[in-house]
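Q: Work out the full structure: start from the sequences and follow the hints.
With the working numbering applied, the sequence shown closes on residue 387, and no number is skipped along the way.
Do not rely on the hints blindly, as some may be mistaken.
[Claimed, not checked] Here are the simulated BS3-like cross-link-like pairs (lysine-lysine), alpha carbons at most 30 Å apart as the crow flies:
1) 81 / 362
2) 362 / 278
3) 128 / 117
4) 89 / 226
5) 362 / 273
6) 143 / 124
7) 189 / 260
8) 273 / 370
9) 385 / 351
10) 328 / 81
11) 89 / 370
12) 385 / 128
13) 333 / 351
14) 232 / 244
15) 124 / 89
Worth flagging that the hints you see were computed from the coordinates, not collected in a lab. All figures in this text were calculated on a predicted structure; none of them were measured in a lab.
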Amino acid sequence: SSSTTYSSEDEERRRHFFNSLTAGKSLQDDLLEQLQMSEIPDELRPVAQDIIGNIDEKGYFRGDLEELPSLQGIASQRERKRVAEEALKWVQRFEPPGVAARDLRECLLIQLELAGKKDTLAWKLVDKYLDALAQNAIPKIAKKLGTPIREIYEALEEIRSLQPRPGSAYDSGASTASEYVVPEVFVEKANGRYVVRTNRDVFPKLSIASRFLALLENPDVPSEVKTYVRQKLASSEYLINVLKQREDTLKRVAEFIVEKQQEFFEFGEEALKPLTMKEAAEALGIHQTTVSRAVANKYMMTPRGLVPFRLFFSSGYTSDSGEALSQKGIKQKIQHIIANEDPTRPLPDQKISDLLQKEGYKVSRRTVSKYREEMGIPPARLRRKHR
Numbered sequence: 001s002s003s004t005t006y007s008s009e010d011e012e013r014r015r016h017f018f019n020s021l022t023a024g025k026s027l028q029d030d031l032l033e034q035l036q037m038s039e040i041p042d043e044l045r046p047v048a049q050d051i052i053g054n055i056d057e058k059g060y061f062r063g064d065l066e067e068l069p070s071l072q073g074i075a076s077q078r079e080r081k082r083v084a085e086e087a088l089k090w091v092q093r094f095e096p097p098g099v100a101a102r103d104l105r106e107c108l109l110i111q112l113e114l115a116g117k118k119d120t121l122a123w124k125l126v127d128k129y130l131d132a133l134a135q136n137a138i139p140k141i142a143k144k145l146g147t148p149i150r151e152i153y154e155a156l157e158e159i160r161s162l163q164p165r166p167g168s169a170y171d172s173g174a175s176t177a178s179e180y181v182v183p184e185v186f187v188e189k190a191n192g193r194y195v196v197r198t199n200r201d202v203f204p205k206l207s208i209a210s211r212f213l214a215l216l217e218n219p220d221v222p223s224e225v226k227t228y229v230r231q232k233l234a235s236s237e238y239l240i241n242v243l244k245q246r247e248d249t250l251k252r253v254a255e256f257i258v259e260k261q262q263e264f265f266e267f268g269e270e271a272l273k274p275l276t277m278k279e280a281a282e283a284l285g286i287h288q289t290t291v292s293r294a295v296a297n298k299y300m301m302t303p304r305g306l307v308p309f310r311l312f313f314s315s316g317y318t319s320d321s322g323e324a325l326s327q328k329g330i331k332q333k334i335q336h337i338i339a340n341e342d343p344t345r346p347l348p349d350q351k352i353s354d355l356l357q358k359e360g361y362k363v364s365r366r367t368v369s370k371y372r373e374e375m376g377i378p379p380a381r382l383r384r385k386h387r
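A: Okay, structure coming up:
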């Protein structure tokens, strides 16, 4: 192979071309790009990177802010909290507005602040009366604030114009996604074990046409033409190598997932174990952001159906008996508890937390509330059915 040197401009052009080969830029890619261009202090950069790695397809931050891998070197909890909050504030200034919020309230407040509408009536309603708005208790709110109902409705229109799912623009038709999503990887059971193979339709097999190589051997071809052909061949080789590398990385990550999440393939989501991208990166000897980019917007066809790669990564809990369970598994337990409660006496979040503690999982009331909201389950007072 030739020893061609690449200028940073060439590198940029190739990267742009390569990115355009993928099926549209993901939210993560876009945020990482904005991070690169931002003037964020160096100490916050790796933390912001971890935050971006924990943003779901709706655009919400779903990790545990003070447990990010890049913060583990900071001994003081107060300092960890400060650095984490500061890095989060930076990411929350990125596009799309409302990204990296931890809940709906924060998402809407970020958008109002960015639009210069802090301290307006709309801001006050989101900040203090979001639950009451959800119950349509407009007269009650108007009375409490001493504000005409008409003004409340006007502010409500403003709130309705905000985007509750900032990441949805990157989601190729969320509800119909499964009709169009093509899996990058297939996982099949053969001879009692799960085997991974990449999808040939997604990863094209590129090669260099022999007629171009023949031009270099032809004595009648002018030297400036040969120089031009050599440059183009070097670019093509680079592109082929990058594509091959991306396919190999995704396949290795998939094999790691299959090894670590065996029980998912047997029993489904409830059996998912806690697994972080940092663990995958360390096991495979690559950088955490390489794993994050490799799995962004990628899908796997499994015996249990089509699933996004990101499903397999989440922090989790270990019970007193040493049994590990992912966030998803804990959510399923919460769902199960609520599905079996007495509808005339629904369980408050604290009671659900107590029941999980009895099973050995230390899940706080605040975390139960957060997971319940993420699943779209209303609080106990709104679940109560009167006889």
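Q: Give a verdict on every hint.
A: Here is what the structure says about each hint:
1. 81 / 362: holds, 21 Å
2. 362 / 278: Distance ~23 Å between residue 362 and residue 278 Cα, so the pair holds.
3. 128 / 117: Answer holds: residue 128 to residue 117 is near 15 Å, not above 30 Å.
4. 89 / 226: violated, 53 Å
5. 362 / 273: Within the cut-off at roughly 16 Å; holds.
6. 143 / 124: holds, 14 Å
7. 189 / 260: Distance of about 16 Å is within 30 Å: holds.
8. 273 / 370: holds, 20 Å
9. 385 / 351: holds, 18 Å
10. 328 / 81: holds, 25 Å
11. 89 / 370: holds, 20 Å
12. 385 / 128: The hint holds at about 26 Å.
13. 333 / 351: Holds, at roughly 13 Å.
14. 232 / 244: Since the Cα atoms of residue 232 and residue 244 sit roughly 18 Å apart, the hinted pair holds (cutoff 30 Å).
15. 124 / 89: holds, 20 Å
Checked against the numbered hints listed earlier, the structure breaks hint 4 alone; every other hint is satisfied.
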